[in-house]
Each structure stands twice: as C-alpha cells, then as structure tokens.
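Mind the numbering: the sequence shown is residues 1 to 80 in my numbering, read in order.
These aren't lab readings, by the way, just hints derived from the structure by calculation.
Keep in mind that this is a model prediction, so the values were computed, not measured.
Note that CB positions come from ideal geometry on N, CA and C, so glycine has one too.
It is possible that part of the hints are untrue.
[As the list claims (entries may be wrong)] In the DSSO-like style, the derived pairs of lysine-lysine whose C-alpha atoms are separated by at most 27 Å in a straight line are:
| no. | residue 1 | residue 2 |
| --- | --- | --- |
| 1 | 70 | 58 |
| 2 | 70 | 12 |
| 3 | 12 | 58 |
[To be verified] So the derived label-pair ranges between C-beta atoms look like this:
| no. | residue 1 | residue 2 | range |
| --- | --- | --- | --- |
| 4 | 65 | 43 | 28 to 38 Å |
| 5 | 74 | 48 | 30 to 40 Å |
| 6 | 52 | 75 | 30 to 40 Å |
| 7 | 38 | 72 | 15 to 25 Å |
| 8 | 76 | 6 | 16 to 26 Å |
| 9 | 17 | 75 | 13 to 23 Å |
| 10 | 76 | 16 | 30 to 40 Å |
| 11 | 35 | 75 | 14 to 24 Å |
| 12 | 43 | 72 | 13 to 23 Å |
| 13 | 75 | 36 | 11 to 21 Å |
| 14 | 72 | 36 | 25 to 35 Å |
| 15 | 36 | 60 | 18 to 28 Å |
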Amino acid sequence: MIHLITSPTALKEARQWIEPDHLAVIAGDAINALNDLDYFPCDVAIFSDDASLIPNTKLDVLTMDQWIQKLEQSPCRTWS
Numbered sequence: 001m002i003h004l005i006t007s008p009t010a011l012k013e014a015r016q017w018i019e020p021d022h023l024a025v026i027a028g029d030a031i032n033a034l035n036d037l038d039y040f041p042c043d044v045a046i047f048s049d050d051a052s053l054i055p056n057t058k059l060d061v062l063t064m065d066q067w068i069q070k071l072e073q074s075p076c077r078t079w080s
C-alpha cells in the first residue's frame, strides 16, 4: 500500500498503523518533520523536487514518472 503523507501530524500518527511492506511518500508540510524522524516502520520516499531539503540519504527519491508508475502498479492507496 502507498501512503501520501503531507502533514506532520499524519506522519507521527501513521507510524502506529503502517505495515513494513508499505511505502510512505512524504510531501508538503510533512517534509520538515522528517528531520526529527528517527524511525519509520516502512520504506520512505520523497519527491525529487524536495530532495535538497532533506539531508537524509536513506530515503528513496521519486521523480514524477516513478510516482505515477508506482500509483498505477499499486492495488491500494491512501492519502492523508
């Protein structure tokens, strides 16, 4: 499952219910909250336009084409 998380509150709350095989794509106001994030239960990705804002090299970086491809391949998605 793919989760597009755009707020710091959603980022914090999602840690309680996201599964290890999910993908969390962080954008919007949630980007700044990534600097304080020490653990997340699944893979985390950001958009290539936001990559310069986050010095964490452990994050996957998605282009818009890759984002669309992931959405098209995923049977289930949520937005928050």
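Against the structure, the hints:
1. Distance restraint check for residue 70 and residue 58: the Cα-Cα separation of roughly 19 Å lies within the 27 Å cut-off, and the hinted pair is therefore satisfied.
2. Taking the CA atoms of residue 70 and residue 12, the gap is near 23 Å; set against the 27 Å cutoff, the hint holds.
3. Under the criterion of a C-alpha separation no larger than 27 Å, the hint pairing residue 12 with residue 58 is consistent with the structure, at around 19 Å.
4. Hint check: residue 65 to residue 43, Cβ distance near 18 Å, so the stated range 28 to 38 Å is violated.
5. Evaluation of the 30 to 40 Å hint for residue 74 and residue 48 yields a failure: the beta carbon distance comes to about 19 Å.
6. At about 32 Å, the CB distance of residue 52 to residue 75 agrees with the hint of 30 to 40 Å.
7. Judged by the Cβ atoms, the range 15 to 25 Å given for residue 38 and residue 72 is violated: they are separated by roughly 32 Å.
8. About 18 Å separates the C-beta atoms of residue 76 and residue 6, a value consistent with the hinted range of 16 to 26 Å.
9. Against the hinted window of 13 to 23 Å, the Cβ-Cβ separation of residue 17 and residue 75 comes to about 18 Å, which satisfies the hint.
10. Roughly 19 Å separates the CB atoms of residue 76 and residue 16, a value that falls outside the hinted 30 to 40 Å.
11. With their beta carbons about 32 Å apart, residue 35 and residue 75 fall outside the hinted range of 14 to 24 Å.
12. Between residue 43 and residue 72 the C-beta distance comes to about 18 Å, which sits within the given range of 13 to 23 Å.
13. Look at residue 75 against residue 36: about 32 Å separates their beta carbons, and that is not inside 11 to 21 Å.
14. Roughly 32 Å separates the CB atoms of residue 72 and residue 36, a value that falls within the hinted 25 to 35 Å.
15. Taking the beta carbon of each, residue 36 and residue 60 are about 19 Å apart, inside 18 to 28 Å as hinted.
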